[in-house]
Amino acid sequence: MRSILLVASAVYRESVRDRVPLTIAGFGVLLVFASYLISQLTAGQDLKIIKDLGLAALNILGLFIAVFIGIGLVAKEVDRRSIYTLLSKPLTREQFLIGKYLGLVMTLAVNLAAMCVAFYAVLFYQDFVASEGLRASWPAPAMDPKLMIAVALIFGELMLVTAVALFFSSFSSPLLSMLLTLGLWIAGHFNADLRQFEAVVDSAAVAYLARGVYYLLPNLAPFNVKAEVVHAVPVTTSHVVLTLAYAGVYISAVLLAAMAVFRKRDFK
Amino acid sequence: MTAIETEKLTKDFHLGFWRPRPYRALDALTMTVEEGEVFGFLGPNGAGKSTTLKLLMGLIFPTSGTARILGKPVGDLDMRRRIGFLPENPSFYDYLTAEELLEYFAGLSGLRGEERRRRVSVSLDEVGIGGERRMKLRSFSKGMIQRVGVAQALVAEPSVVFLDEPMSGLDPLGRRHLRQLMLRLRDRGCTVFFSSHILADAEALCSQVGIVVQGRLMAIGRMADMVAFELRGWEMVVANLPDATREKLSGRVSMTALSNQRYTLELPPNETPHRLIQTLAADSVEVVSLNPIRTTLEDYFVSMVNAAAPRDLEA
Chain W
987 MRSILLVASA VYRESVRDRV PLTIAGFGVL LVFASYLISQ LTAGQDLKII KDLGLAALNI
1047 LGLFIAVFIG IGLVAKEVDR RSIYTLLSKP LTREQFLIGK YLGLVMTLAV NLAAMCVAFY
1107 AVLFYQDFVA SEGLRASWPA PAMDPKLMIA VALIFGELML VTAVALFFSS FSSPLLSMLL
1167 TLGLWIAGHF NADLRQFEAV VDSAAVAYLA RGVYYLLPNL APFNVKAEVV HAVPVTTSHV
1227 VLTLAYAGVY ISAVLLAAMA VFRKRDFK
Chain Z
21 MTAIETEKLT KDFHLGFWRP RPYRALDALT MTVEEGEVFG FLGPNGAGKS TTLKLLMGLI
81 FPTSGTARIL GKPVGDLDMR RRIGFLPENP SFYDYLTAEE LLEYFAGLSG LRGEERRRRV
141 SVSLDEVGIG GERRMKLRSF SKGMIQRVGV AQALVAEPSV VFLDEPMSGL DPLGRRHLRQ
201 LMLRLRDRGC TVFFSSHILA DAEALCSQVG IVVQGRLMAI GRMADMVAFE LRGWEMVVAN
261 LPDATREKLS GRVSMTALSN QRYTLELPPN ETPHRLIQTL AADSVEVVSL NPIRTTLEDY
321 FVSMVNAAAP RDLEA
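Protein sequence lines correspond, in order, to chains W and Z. The working numbering numbers the first residue of the first sequence as 987 and each following residue consecutively. The working numbering numbers the first residue of the second sequence as 21 and each following residue consecutively.
Calculated directly from the structure, the hints in this document are not laboratory data. Some hints here could point you the wrong way.
What the hints assert, rightly or not - Partner residues aside, some chain Z positions facing chain W, computed with beta carbon under 7 Å:
| no. | residue |
| --- | --- |
| 1 | Leu79 |
| 2 | Ile80 |
| 3 | Leu97 |
| 4 | Arg100 |
| 5 | Phe105 |
| 6 | Phe112 |
| 7 | Tyr115 |
| 8 | Thr117 |
| 9 | Gly127 |
| 10 | Leu128 |
| 11 | Ser129 |
| 12 | Tyr320 |
| 13 | Met324 |
Because the structure is a prediction, the values reported are computed rather than measured. Glycine included, each C-beta is placed from N, C-alpha and C at the ideal position.
This is chain W alone, in the form it adopts within the complex (with noise of 0.2 Å):
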C-alpha cells in the first residue's frame, strides 16, 4: 500500500506542477466566469445559464485533464523510458498502474475543486446581486448545494474515463490513447441507445451484437444529471449511488483489464 502511494504522490506532484492541468482548470475557472457576462445577454434565465454553462465547463475540461495527464501516465512513461528505472524498485506492474490511477484522481480532484469554488464563487455574487422578486422566481436557490451531485457524478464518469485512458495506455501509443479514450467518452454518452436497438432490427445477431456492446461500452448517460440541477427536477438518492456504485465496478474491472494487459508486457 505504501508503494501505491508513493507512486500516486509522485504523479500528484509531477501533476499539479505540469502546466497543462494548472492551465486546463485556469481556463475552466475563466469559463465560469465568462459564463456570468453570457447570462446578461439573457432576460431571466442568468442563473440557468450560468449553471449550466459551469458545470459543462467543469466536466469538459475535467475530461480534458483526464484524458491528456491520464494518457501519459503509462503510454509517455514507456514513450520516454522512465518506466524502466522505476519497475527496477520493489514494485510490481499492478502497484504502479494503481498508484498511476491514485495519483490522477487525486489530480482530477484537486482541479474540480478549483473550478467549483470559481463557480460558486459566480453563483454567490449572483445571488447578492440579484432582487428578492428575481430570486423568488428561481426554481431553485443560487448556492444550491444539490448542484454538489451533478459535481460528484462528474467526478465519477471523469473517474471512469481516467481507468478507461490508463487501460488504452498501458499497451498503446499516446496520440493511439488518446483518440480512443475520447472516441470511448462520446460512445459512452450515446450507448443507451444501443439497448433499444434490438427493437429497430429483425436480426437476431445484430440484436445480440448491440446488446453486447452495449455492455461492454461504458454507459456514461446516467452520469449527466446537470439539466435535471439547474432545473430543479428531483435526482434520486438511489439514481446517485447506483451510478456511482456502476463506475466502481466498471472502473475495477478495467483497471484489471489493463493490469493483465501490462503484467505480460515487454517494455523493448
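Keeping the supplied structure of chain W fixed, place chain Z upon it in accordance with the hints.
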C-alpha cells in the same frame, strides 16, 4: 556467493507487422558473476547487452532460460530492495527535483525518515550533485541526468548494481569520477555489473568480463586470463628529427610523420628503447613520449567480433 547467474537465457523478438519474423536478440546466455566483482559486459552496438539487462530487471520476459540475482528469481521484490539499476540514456520526471526523485525511489526501496534523507544526501554527494539537487530535472543537462541516474541506483545501498552504458553523456571529469566511484563500490563489497562498448573503461575497472556478440556470449572470464598483456613493441614520439637521423633509423624502426616535425617511431619488441634513445640524444632529438605496445582487450574484443558468425535472423 554468486551474485548473478543466468542459465540458457534466450530472448526472441518479433520483427515486422504483417508477417512478424522471430529475431533472436539473446541466445542461450549462461554465465555467473561472483559477489564483489566488477563485471564488464562488453559487446558492439546491438549485441544484446541491454536486452540482457532488461531481462535481469524483469522489464522483458525471457523466451526460455532462467536468471537469478542474489539467489532469487528476477521478479522477487525482496531481492529488488538489494539492487540498483541505471538504464541506458535514463529519463526521469521533468517537474521533480533531483532530491525529490531520489526520496521517491528511496521510499520505494523501503527507506524511511531520517535514514531516507541521509541516503539521498550521500548518494547525490557521491555523484557530485551539489546545490543543483533542488532544481527541477527539466533544467539538467544530459550528463547531470546521468549522474542523477547513478545516484538513484545507489540510493538504497544495493549489494548489486547494474549500470547500462554508465559513461554515456559524461564529460571526461565525470567519467573519471564514476570510475573512482565504481572502484569504491567494489571495495565496499558491492557487485558492479556494467555494460559498455568502451573498452578502456573495462580495462581500467573490471576483474571479469563477458563479451557478447550478435546475441551470443563469445567469451567470459578474468581479464588476466583473457588478455596476456604481452609486449608487442614500443611506440616513441620524437620531435626535431633531422633528415640524417631519419635515414640512419630507416629499416630499424617504422616511422609515421606527425605535425610540427614530430614523428611516431614504432620499435619491434626485440629492439630495446634505451639504445635508440642514446642514438637520438646524440643527434639532439627530443623524445616526447615512450609507451609499450601490448595486446589489449581491444585486440581480443576485435578478434571475438570477427570470429562471430553472422546472426541468424530466424530464431
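Outcome of the hint check:
no. : hint   : result
1   : Leu79  : holds, 4 Å
2   : Ile80  : holds, 4 Å
3   : Leu97  : holds, 4 Å
4   : Arg100 : holds, 4 Å
5   : Phe105 : holds, 4 Å
6   : Phe112 : holds, 6 Å
7   : Tyr115 : holds, 4 Å
8   : Thr117 : violated, 10 Å
9   : Gly127 : holds, 5 Å
10  : Leu128 : holds, 4 Å
11  : Ser129 : holds, 6 Å
12  : Tyr320 : violated, 30 Å
13  : Met324 : violated, 26 Å
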